[in-house]
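**Student:** Work out the full structure, taking the sequences as your base and the hints as a guide.
Line order of the protein sequences matches chains B and H. In terms of the working numbering, the first sequence opens at residue 1 and continues consecutively. In terms of the working numbering, the second sequence opens at residue 1 and continues consecutively.
Treat the hints with caution; some may be incorrect.
Said to hold, decoys possible - Here are the simulated DSS-like cross-link-like pairs (lysine-lysine), alpha carbons at most 27 Å apart as the crow flies:
#1 B:K265 to H:K44
#2 H:K23 to B:K58
#3 H:K30 to B:K223
#4 H:K44 to H:K30
#5 B:K27 to B:K210
#6 H:K30 to B:K265
#7 B:K205 to B:K27
#8 H:K23 to B:K265
#9 B:K27 to B:K6
#10 B:K6 to B:K205
#11 B:K210 to B:K163
#12 B:K163 to H:K44
#13 H:K30 to H:K75
#14 H:K23 to H:K44
#15 B:K223 to B:K205
#16 H:K4 to H:K75
#17 B:K210 to B:K265
#18 H:K4 to H:K23
FYI, nobody ran anything at the bench for these hints, they're computed from the structure.
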Amino acid sequence: MKEFYKVGGHCYSVDFRDERNSAALLKSSDPFRIIDMEGIDSLLFELVVDDSWRPDRKGVEIGQFDCGGNNHGVYVLDDGSYQILVSDVSGRHCCLIQALPDFTSARVCLNGDDGMRSFGLNNALMMMYAFAGASRMTLLMHASVMQKDGDGYLCLGVSGTGKSTHTANWLRYIPGAELLNDDNPVVRVCNDGRVRVYGSPWSGKTPCYKNEDAIVKGFLQLKQAPYNRIERMSIVDAFASLLPSCSVMKWDRRDYVGVCDTVSKVLEQVPVFFLENLPDEDACRLSYTTLSGKKEHA
Amino acid sequence: MKIKEGFEMRNICGENIIIAHGKENIDFTKVITLNESAALLWDKVVGRDFSEEELVRLLLEEYEVEQTCAAEDVKSLVASWAEAGLVE
Numbered sequence: 001m002k003e004f005y006k007v008g009g010h011c012y013s014v015d016f017r018d019e020r021n022s023a024a025l026l027k028s029s030d031p032f033r034i035i036d037m038e039g040i041d042s043l044l045f046e047l048v049v050d051d052s053w054r055p056d057r058k059g060v061e062i063g064q065f066d067c068g069g070n071n072h073g074v075y076v077l078d079d080g081s082y083q084i085l086v087s088d089v090s091g092r093h094c095c096l097i098q099a100l101p102d103f104t105s106a107r108v109c110l111n112g113d114d115g116m117r118s119f120g121l122n123n124a125l126m127m128m129y130a131f132a133g134a135s136r137m138t139l140l141m142h143a144s145v146m147q148k149d150g151d152g153y154l155c156l157g158v159s160g161t162g163k164s165t166h167t168a169n170w171l172r173y174i175p176g177a178e179l180l181n182d183d184n185p186v187v188r189v190c191n192d193g194r195v196r197v198y199g200s201p202w203s204g205k206t207p208c209y210k211n212e213d214a215i216v217k218g219f220l221q222l223k224q225a226p227y228n229r230i231e232r233m234s235i236v237d238a239f240a241s242l243l244p245s246c247s248v249m250k251w252d253r254r255d256y257v258g259v260c261d262t263v264s265k266v267l268e269q270v271p272v273f274f275l276e277n278l279p280d281e282d283a284c285r286l287s288y289t290t291l292s293g294k295k296e297h298a
Numbered sequence: 001m002k003i004k005e006g007f008e009m010r011n012i013c014g015e016n017i018i019i020a021h022g023k024e025n026i027d028f029t030k031v032i033t034l035n036e037s038a039a040l041l042w043d044k045v046v047g048r049d050f051s052e053e054e055l056v057r058l059l060l061e062e063y064e065v066e067q068t069c070a071a072e073d074v075k076s077l078v079a080s081w082a083e084a085g086l087v088e
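**Tutor:** And the structure:
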């Protein structure tokens, strides 16, 4: 059964070839499922799910990457194709992916119970999306996104920088502000030249899978401090702040250059601010009024 | 000396930024910027062997500066490239 999804304005297909697996493994993708293919002439990627498939050769190891507790073993084949083995936090194999060098097409086999399969398949989709998107001015970012009045505001920063608290305070103190995505939004330079942020089927621990989008007004790089202070970052600092927040294969030139150039295009239009903040209402008002350019938050 | 494999200069919103890709550079997380003259030299020697003397000569061809001044600039540029791990 072939299913189609539309995320960040890009469509992709997931073809479930065996009876064991189905779209039920992709619950968080339900809001993004499409039935009518009219007007869609190209797919970002095509993914085949087939438990009976096994790779016929083994790749050379690029590395083992810790992705928040779970592990991705990455291997490259002679022709530049990739094999990626996704393991969960307990080290159990959940999914094996073999993808073309540009990630426009891949085949996966899944393993384990439904939870493991769902986890493995979602990881495969995120990688496919990020690595195929790099050539299409599209980034899968690690960020928390608030939206208000059609505008989007992205919070960057690893845990411990006050991101969750700042986001929670926005929702509490800025009337009309709502969460668009809490972990993995799509940021894209669209064909009309504008930079938009989109909700996605991936949102970390917060179940927030909104099929909505907003014009990106600004990024916030947070840091906890005993005071509130906001300052616009230079292009170089902004680049250094955004790049580590993007899903990218550093060893792959096509992907890395694609992501760098997309970040550059984003920075041509969107400011990045450095916010040293207390966990309070003033910090939200300061970031909201600065990024939105609005004096009142009503 | 030579600029290491995988280092590449990209124009990021008007800034000349050195990015690093390739399996060897996975742990390279610095963001390095080059000014106009350093970027010009980078473009001329990337991908091949070069010497400090050659950089001085290239600089003198493009800019109206004293030889001693160009030599000093090149010396400090090469030192900073070496410190950042960009050349071998």
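**Student:** Would the hint linking H:K44 and H:K30 be met if the CA-CA limit is 27 Å?
**Tutor:** 23 Å, holds
**Student:** Given the hinted pair H:K23 and B:K58, is their Cα-Cα distance within 27 Å?
**Tutor:** 18 Å, holds
**Student:** Are the Cα atoms of H:K23 and H:K44 separated by 27 Å or less?
**Tutor:** 25 Å, holds
**Student:** B:K205 and B:K27: Cα distance at most 27 Å?
**Tutor:** Holds. B:K205 to B:K27 sits at ~14 Å (cutoff 27 Å).
**Student:** For a C-alpha distance cap of 27 Å, please report whether B:K210 and B:K163 respect it.
**Tutor:** 20 Å, holds
**Student:** Does H:K4 pair with H:K75 here, judged by a C-alpha cut-off of 27 Å?
**Tutor:** Holds: H:K4 and H:K75 sit about 18 Å apart, inside 27 Å.
**Student:** Can the restraint linking H:K30 and B:K265 be considered satisfied, given a maximum Cα separation of 27 Å?
**Tutor:** 21 Å, holds
**Student:** When you check the alpha-carbon spacing of B:K27 and B:K6, does it fall within 27 Å?
**Tutor:** 14 Å, holds
**Student:** Please verify whether H:K23 and B:K265 have alpha carbons no more than 27 Å apart.
**Tutor:** 26 Å, holds
**Student:** Does B:K223 pair with B:K205 here, judged by a C-alpha cut-off of 27 Å?
**Tutor:** 22 Å, holds
**Student:** For a C-alpha distance cap of 27 Å, please report whether B:K210 and B:K265 respect it.
**Tutor:** At roughly 25 Å apart (the allowed maximum being 27 Å), B:K265 and B:K210 satisfy the hint.
**Student:** Hey, B:K265 versus H:K44, does the alpha-carbon distance stay inside 27 Å?
**Tutor:** 26 Å, holds
The structure shown violates just one earlier hint, number 12.
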